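Undergrad: Next come the chains, spelled out residue by residue.
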Amino acid sequence: MTYFIDRRANAKRKSAVNRQRFLDRYRTHIKRSVEEAVNRRSITDMERGEKVSIPTRDISEPVFQHGPGGKRSIIAPGNKEFVEGDRLRRPGGGGGGGGAGEGGASNQGEGMDEFAFTLSREEFLDFVFDGLELPHLERKSLVDLDEVRPVRAGFTREGVPARINIVRSMREAHARRIAMRGPIRRALREAQEALEVEERKDPVLRNPARIEELRAEIERLEKRLEAVPFIDTYDLRYNNLINQPQPSSKAVMFCVMDVSGSMTQAHKDIAKRFFLLLYLFLERNYEKVELVFVRHHTAAKEVDEEEFFYSRETGGTIVSSALTLVDEIIEARYPPTQWNLYVAQASDGDNWDDDSLTCRDLLAKSLMPRLQYFTYVEITPHAHQALWEEYERVEAEYPERFAMRQIVEAGDIYPVFRELFRRRSTQ
Amino acid sequence: MTDRKPIATGSDWNFEILHEFEDEIARLADEYRLDTYPNQIEIITTEQMMDAYASVGMPVGYHHWSFGKQFLAVEQAYRRGQMGLAYELVINSDPCIAYLMEENTLMMQVLVMAHACYGHNSFFKGNYLFRTWTDASSIVDYLLFARRYIAECEERHGVTAVEQLLDACHALQNYGVDRYKRPSPISAEEEARRQKEREAYLQAQVNTLWRTIPERVPSDGERETIAGEGEDPLGLHAGGRYPPEPQENLLYFIEKNAPLLAPWQREVVRIVRKLAQYFYPQRQTQVMNEGWATFWHYTLMNRLFDEGMVDEGLMLEFLQSHTSVVQQPPFDSPHYSGINPYALGFAMFTDIRRICEAPTEEDREWFPDTAGSDWVETLHFAMRNFKDESFIQQFLSPKVIRDLKLFMVIDDDQDEMLEVAAIHDEHGYRRIREALAIQYALSVREPNIQIYSADIRGDRSLTLRHVQDSRRPLARSVYPVMRHLHQLWGFPVKLESMEGEEIVRRYHWPLPEEDKAVE
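Residue numbers (the working numbering), protein chains in the order written: chain U, 387 to 813; chain C, 541 to 1059.
Treat the hints with care, as some may be off.
[Unchecked claim] Derived list of chain C stretches under chain U, where covered just means 3 residues or more per stretch with a C-beta under 8 Å from a C-beta of chain U: (1) 552-564; (2) 586-594; (3) 608-615; (4) 667-677; (5) 686-694.
[As the list claims (entries may be wrong)] Simulated restraints on C-beta separations: (6) U:Gly-471 <-> C:Asp-718: 28 to 34 Å; (7) U:Leu-666 <-> C:Thr-672: 19 to 25 Å; (8) C:Arg-970 <-> U:Asp-410: 40 to 46 Å; (9) U:Leu-666 <-> C:Thr-1003: 29 to 35 Å; (10) U:Gln-451 <-> C:Met-957: 21 to 27 Å.
In case anyone wonders, no lab produced these hints; they're calculated from the structure.
None of these values were measured; they are calculated from a predicted model.
Glycine included, each C-beta is placed from N, C-alpha and C at the ideal position.
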């Protein structure tokens, strides 16, 4: 007896639970690998998984085993020149003979120093952003929202043909037919019975007029019965959709960067990595994330990604120009009632002398009230300048939603990022 | 019967073709008196095959991180293209479940059907170890019960608690087997029904053991004083050793005697023990099982070709695949990783057939009973009544030793050189055969460790004894395993390594330094 069963359509990821258990168990190991990977990876390279290795001894499943030493005999195949009594030098490593006795009983992974496997992209990002959260993730409150989403809300009698609910409509029609035909059927049955009684009578006693009358009645009732429509406009039911206000799941991230002469390509690379991390992080929290790139020297300009990162300008720096532009763009395209607004700014800290004060004003008065979060990273090994000091005052004013950190080299990016978005204790 | 009309050509397959081939293979297998369980052949995808691989051949497994580790390893190997033989996975159950991967070629599917559904299947049904130790009809049910029970425990007691318990049990699972006592076959339904009852009963028994001093009066010979002579004038400690006989089944002993385990924990220990028992025959019959299956796929494929049901193209593809399966790289090759059980097993079964059909003078001398007998009958006899160790001892012929050019090396740590003790010559055959058989004996492959005593009247410590074989010490993994054992037992665990009557090494857990630090 043999049965063939096609299981190809069955559930695939049967091992998903076990896999997850493994990842949870070795969380700390994997996190270390992931951190190294984040710092090592090229900038645009977050879109794939990561190969992770864990030292085998840390994940071994110990069992009682023979250790090296003692006396044992090993049988091996492929003798070429040995004869009985030959004495051989021990092969290096002391293992001797390569464990001929195991007979393939060992599992994969054993004997290697590292247990290597691949994390999928999602798993990788899970580890990258593990323990982090967006501050003020509470979505825009419902009152000041004008974003809506259609939601099903029962059935109505009016609607457009596209939304006809066929099952409901047919059920209504069926009920109506039963209701309308019932009395006619009853009358018909009575007439038929009366006719039968009449016809069964002795021919002498029959009343031809009565028979004629009953026949006409039956015919009339049958016609009426047939006239009951199968479906009527009265039966039709439509799916009802109503608009429900929706917390916004859209975010826009403004990347603001200083591209004046003092910013080298190395600075920009660091900034880019930081922006990228923030973008990936936002992407995990919002359904839709838009990016706006604003670069500035003495004047600000909205550009595309390529130009943002790779073109160079020279000249001085006026930071407020960029902030003004961001403000204008928000005004024109991203009403704060519909969008969660994030600004990430990177600079080396240089600014035109008097401009820092303007920046603070602009931030504190105009921008901050509308933003979800503002992060500022200063990429410089040097002492802070006026801009940093002014920003510190903004931070004092908005400690919840304004964050600033200094980055000296590429290795700082991820730690700084983690620090900025560390999950705060709920208080 | 040589009108060449192949059932199908090329590498594409569909269910009708598979059915037709299956019918033909079944007919031929019947000619060779291969007695099998009904086959349940499942077509699955690569990913499902990896799942199946990861759960070490259990069609339904409980959840544990180690299976996840296994899965990641399989996945990695597959990605790197290392995974050979992925086409063969068969489960010792009734009906016998075999997996065919959807991307296999037609040749591969036919090969797997011959190999798994008739080779392995008949081995599972016929071999005495499987008949004695496993109950093919109830294993799937039992696995379901185990999975459900462990999931329930996770809900009740938390995933971590269950995971740690399973870790500890897995470390000892090779010592969860009765080697000599035949277990009564378990029925899964009964198992579930009795489980509740057992919980209560077991706990009561353990309580009794620990609460009272055994009333049995020991005979003089058994009398062993645990405390010093003068310190125990009333003989309170004179109850003899517990257990009176050393116990080889560590998990069984833990399940029945560990003082502090909760009832559900005892049940989990039991589940791991039962599954270890189920896999026990497979660990002892690798060479035979693979050799048997390989011999039959080779024979059946050749018959299919002789009868014209497969064409030359398919046959060439088959031979290429078959050759790589039974390849034995020499010891100095970079590909060498021990003796290939497929190669050795196939060579031996093929040679038994040769000895039956065309014996030489040498064969008549070595195998007087076998030479010239009916080969099908002899092969079945060998399959039914042996395990790797005894099979090699009985049937490894000088010709196979010569063909594989086997040689024996003595590795003695008291000698700075290795010594070639025997090669494939008249003088060496028997010694090589002996040594190879021992190499496959589980009792030699795994250290011999038994429970020696549990100090039920004193500090409740548990003492194990390791009997050294040829002075071979334990690997360092002994410490983590002791730690797991300590978790199960709940009190200090000692292990004594014995060479003859002398204790050469003692292991303790918790480590003595830690003890001092705590006190």
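Undergrad: Hint by hint, say whether it matches the structure.
TA: Verification of the supplied hints:
1. 552-564: holds (count 4)
2. 586-594: holds (count 5)
3. 608-615: holds (count 8)
4. 667-677: Coverage by chain U is violated here, the residue count being 0 at a Cβ distance below 8 Å.
5. 686-694: This one is violated; 0 residues, fewer than the three required, reach chain U with a Cβ under 8 Å.
6. U:Gly-471 <-> C:Asp-718: 28 to 34 Å: violated (43 Å)
7. U:Leu-666 <-> C:Thr-672: 19 to 25 Å: About 58 Å separates the Cβ atoms of Leu-666 (chain U) and Thr-672 (chain C), which means 19 to 25 Å is violated.
8. C:Arg-970 <-> U:Asp-410: 40 to 46 Å: Hint violated: Cβ distance 54 Å, outside 40 to 46 Å.
9. U:Leu-666 <-> C:Thr-1003: 29 to 35 Å: violated (57 Å)
10. U:Gln-451 <-> C:Met-957: 21 to 27 Å: Given a distance of about 25 Å, which is inside 21 to 27 Å, the answer is holds.
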